[in-house]
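Participant: Since chain G is already given, all that's left is putting chain P on it; use the hints.
Each chain is listed here by its residues.
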Amino acid sequence: MKWHPRATLRGRLTLHYASLLAAALLLYAVGVSAYFLHNLREQLDSGLDRDVETVEGMLSTDAGGSLLINSHEGEAMHGELKRGYLLEVWSMDGNLLYRSEWLHGQALGPVPGGSVSGRQPGHSLQLPSGLRLRTLSRVHHMGKNNAVVVRLAVNEEPLWEEFWEMVSMLAIGLPVAVLLVAFSGYLLAARVLKPVDAMAHRASQITAEQLNERLHIENPDDELGQLGTAFNNALARLEHSFEQLRRFTADASHELRTPLTAIQSVGEVSLGMPGDANYYRDVIGSMLEEANRLARLVDSLLTMARADAGRVQINRATVNLYDLSQQSCALLEVLAEEKQQSLQTTGDGSVSVMADPTILGQALVNLIHNAVKFSPEEGSVTLRIVDAGKDAIVEIHDSGPGIAPEHRAQIFERFYRVDKARAREAGGAGLGLSIAQWAVNIHSGTIELECPPRGGSIFRIRLPKQSVVM
Amino acid sequence: VEILLVEDETKVGSALSAGLRAEGYDIVWAQTGEEGFFHASSRSFDLIILDVMLPGRDGIEVLGTLRKNGDKTPVLLLTAKDAIEDRVLGLDTGADDYLVKPFAFAELGARIRALLRRNQADPSTTLSIAELMIDPLRRTVVREGQRIELTAREYELLEYLARHHGRVVSRDMLARDVWREVARATPLDNVIDVHIARLRRKVDDPFATKLLHTVRGVGFTLSEDPS
Chain G
1 MKWHPRATLR GRLTLHYASL LAAALLLYAV GVSAYFLHNL REQLDSGLDR DVETVEGMLS
61 TDAGGSLLIN SHEGEAMHGE LKRGYLLEVW SMDGNLLYRS EWLHGQALGP VPGGSVSGRQ
121 PGHSLQLPSG LRLRTLSRVH HMGKNNAVVV RLAVNEEPLW EEFWEMVSML AIGLPVAVLL
181 VAFSGYLLAA RVLKPVDAMA HRASQITAEQ LNERLHIENP DDELGQLGTA FNNALARLEH
241 SFEQLRRFTA DASHELRTPL TAIQSVGEVS LGMPGDANYY RDVIGSMLEE ANRLARLVDS
301 LLTMARADAG RVQINRATVN LYDLSQQSCA LLEVLAEEKQ QSLQTTGDGS VSVMADPTIL
361 GQALVNLIHN AVKFSPEEGS VTLRIVDAGK DAIVEIHDSG PGIAPEHRAQ IFERFYRVDK
421 ARAREAGGAG LGLSIAQWAV NIHSGTIELE CPPRGGSIFR IRLPKQSVVM
Chain P
1 VEILLVEDET KVGSALSAGL RAEGYDIVWA QTGEEGFFHA SSRSFDLIIL DVMLPGRDGI
61 EVLGTLRKNG DKTPVLLLTA KDAIEDRVLG LDTGADDYLV KPFAFAELGA RIRALLRRNQ
121 ADPSTTLSIA ELMIDPLRRT VVREGQRIEL TAREYELLEY LARHHGRVVS RDMLARDVWR
181 EVARATPLDN VIDVHIARLR RKVDDPFATK LLHTVRGVGF TLSEDPS
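Sequence order for the protein chains is G and P. Position 108 of the first sequence, counting from 1, maps to 108 under this note's numbering, and the rest follow consecutively. Position 202 of the second sequence, counting from 1, maps to 202 under this note's numbering, and the rest follow consecutively.
Okay, chain P solo, but in the shape it has when bound:
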């Protein structure tokens, strides 16, 4: 899978390239809008990650020209402007999704997977991680044959983690996708931490293998392998 990354900031660009390569993507990194446009129009990519604030031609301009030329490659905009009008402008110009800087790398990974239509399991099939079985239809959780009773919120949290199993989920992602809280200033971190602690008590504490891990400074992951 080939991804074109257009990002002028060297540190951010190299970190993203390295991170995405580690996830198994082939990355072409362009540092200016012109260079990005040249790559995008000379060959085809599966996805373009486009920074809005670029020297010379900015991301919106590049995106507009690409779309005018009939290029339908999915585009994920990276923007530092957390304002509604910028998002609207980006989406109107033809972006498929946007991410506001600063963002967690885990979230970028999730957005890329969503745009590439990968990892989109049938929402009704049973999820299983190790001996943990989650049935989304009946909203039941069974581990090693034992039924685990969860509150509605705990269940949603666990299902979300299971759908992203093996990957780190940030608190921002949980606040938005599980709590559906749009205002980023709402103090939900403590609430999330308490719920994770309770979930861990029910899902992990009675069992030898721990599945729910905290990745300090990043978020949480549901995985057999703690690293």
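In isolation and in its complexed conformation, chain G is listed as follows:
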């Protein structure tokens, strides 16, 4: 794999941090340099200030009023301008009274106008030769009605040399600092992200057969821990689904095999038996019964497979729950009558939902069928319709033995049976409740089981009155 810094999270992080740091340092360096330059000039200006005072002390006028400079000590005279100052003296009306010889006639700025008063701020200036100077002007009073403008200049080049030295130090130090930080940041990121590698490695080893494995989480509170926890939770759900699927496959093949075994053994045994036509008729009849059972089971499986694939068409209409409950009860009334059970619908007769009456009716029929099957003789099965604000509720109360707590979570699972032996006798393959749950779920409803302590079970279907688009 070609390594590219942008390709890895670590590289991207490092790049981002390094560029942020570089920008911040650059801003800082510019600020520092500007401040440094300003300080250097202040220093130079205060030196100039002192020089101006010295020069002022050396100025006087002769009797004729002409300017006299008593001493040229400190003034640059010849050769290179290393130390010493350059001097111009102007009369207030703009006549040049004195100019250092070193300047060879070059001016230290324009002719001072009438605006010059008191002390002037420092001012940088470049001579035609390229030499940079710092100048300071001041009005000097030499007695009444006689004032001159003293203008002093010193070499500014040493200041710039110092400034550039500092800038070049910053220019070398800054990239080094950024590189150093980037490098250590990269190493740090590698250390922080090391658990990610470990998690990826571990996750890549988890297959369908080892869904019980989990990622190791060092700190559940940090971001990686949260990611790992989320992944582990997903794994747990996946494991649960796989477990359900595995159980479903096992149960389905068991359910399919049972009638097949019956057909085969009944057929084989009776082939070896002498018998009359009636005997064989009976044998064939019993084989056909098993074949019917198989056909019905395959039908149910197909229905559910189609439901799982979302291929069931739902034709919604306004359904009055009381009416639908009564119709479902009417269909199964004879079964309750046979057991002298009372089967009745009670509650609110005005609650309607948007639903497919055939599919929802199937859920009710399955639940009522179960209720009748598991309620004792002379027991009662009652449907209750409740208007619960946003939801409509259908409750199916039976007077059966109830369902033990350890079975409650699983009774809606396909093929799940509370009592394996008894349920088969009573018919059905353990699909009724899961079909009922599916039928309720596609209407955005829920189905729950409640077992009150006084006995019996209550299956509660809760449907939104306002149909939800799925």
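Please keep in mind that the hints were generated in silico from the structure rather than gathered at the bench. In this text, all values refer to a predicted model and were calculated from it rather than measured experimentally. Backbone N, C-alpha and C define an ideal beta-carbon position, used for all residues, glycine too. Just so you know, not all the hints are guaranteed correct.
Quick list of simulated restraints, FRET-style, between CB atoms [said to hold, decoys possible]:
1) G:Leu449 x P:Gly56: 47 to 57 Å
2) G:Arg311 x P:Glu131: 44 to 54 Å
3) P:Ala152 x G:Arg257: 40 to 50 Å
Reference excerpt, derived from the structure (chain P facing chain G, CB under 7 Å, subset only) [stated by the list, open to error]:
4) Pro55
5) Ile192
6) His213
7) Arg216
8) Gly217
9) Val218
Facilitator: Using the frame of chain G, we list chain P on its own:
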């Protein structure tokens, strides 16, 4: 009456041929779509029973070609695909009826009779089996001069059995035609059995000759002759 049966499954094909011959039909059995198409286009039949899942040309294709050639022979499709789209496709292509596998032979017989427009008595004429008289207009039942009181469902059940008298009626047929229950997963078998038991108590128990018989593994029949 000649029926062309197109069915590749040997066991199913021979069982259906034998069963239909026993009912008095002449059967030509083709085992592939090509063979079926050849028979259908070379001579005329009263009815074609066509399996959808055939090797080579499937049933829908054969049916489509026949209909394109102007053949109007009634066609009953046998399909293992219990899906609405397959039924719609079959009926759109020109099938007159369809039956989903697995099906009860009794039901196939009923469908064939319906397609051949036979055994379609005037729905208002009185049905009589032995001494049992059923008046569809007044919905009354009389046996040996005695009026028998039935509930609405019991009456419909009896009338349905009487219209198919002498033949076996499966629980699926009753669920669909008497209870008008479309969902096959609805647990109606127990309900049907209870109703049959009650009907038997009212119609048969007081009398010497038993008319309502259970054919184990298949269904029920209303007939003077128990076999």
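Participant: Please go over all the hints and tell whether each is borne out by the structure.
Facilitator: Hint check:
In this structure the hint that leucine 449 of chain G and glycine 56 of chain P lie 47 to 57 Å apart at CB holds, the actual value being about 53 Å. Range check, arginine 311 of chain G to glutamate 131 of chain P: Cβ separation about 52 Å, and the 44 to 54 Å hint holds. Between alanine 152 of chain P and arginine 257 of chain G the CB atoms are about 42 Å apart, so this pair conforms to the stated range of 40 to 50 Å. For proline 55 of chain P, the interface hint is violated, since its Cβ never comes within 7 Å of a Cβ in chain G; the closest pair sits about 23 Å apart.
For isoleucine 192 of chain P, the suggested interface contact is broken, since its CB lies about 9 Å from the closest CB of chain G, more than 7 Å. Given the 7 Å rule on beta carbons, the hint for histidine 213 of chain P is violated: about 12 Å separates it from the nearest Cβ of chain G. Among the interface hints, the one on arginine 216 of chain P holds; its C-beta lies about 3 Å from the nearest C-beta in chain G, closer than the 7 Å criterion. At its closest, the beta carbon of glycine 217 of chain P sits 3 Å from a beta carbon of chain G; the interface hint therefore holds under the 7 Å criterion.
Contact between valine 218 of chain P and chain G, as hinted, is supported at the beta carbon level, the nearest pair being about 6 Å apart and thus within 7 Å.
Consistency with the previously given hints fails for numbers 4, 5, 6, ordered from lowest to highest.
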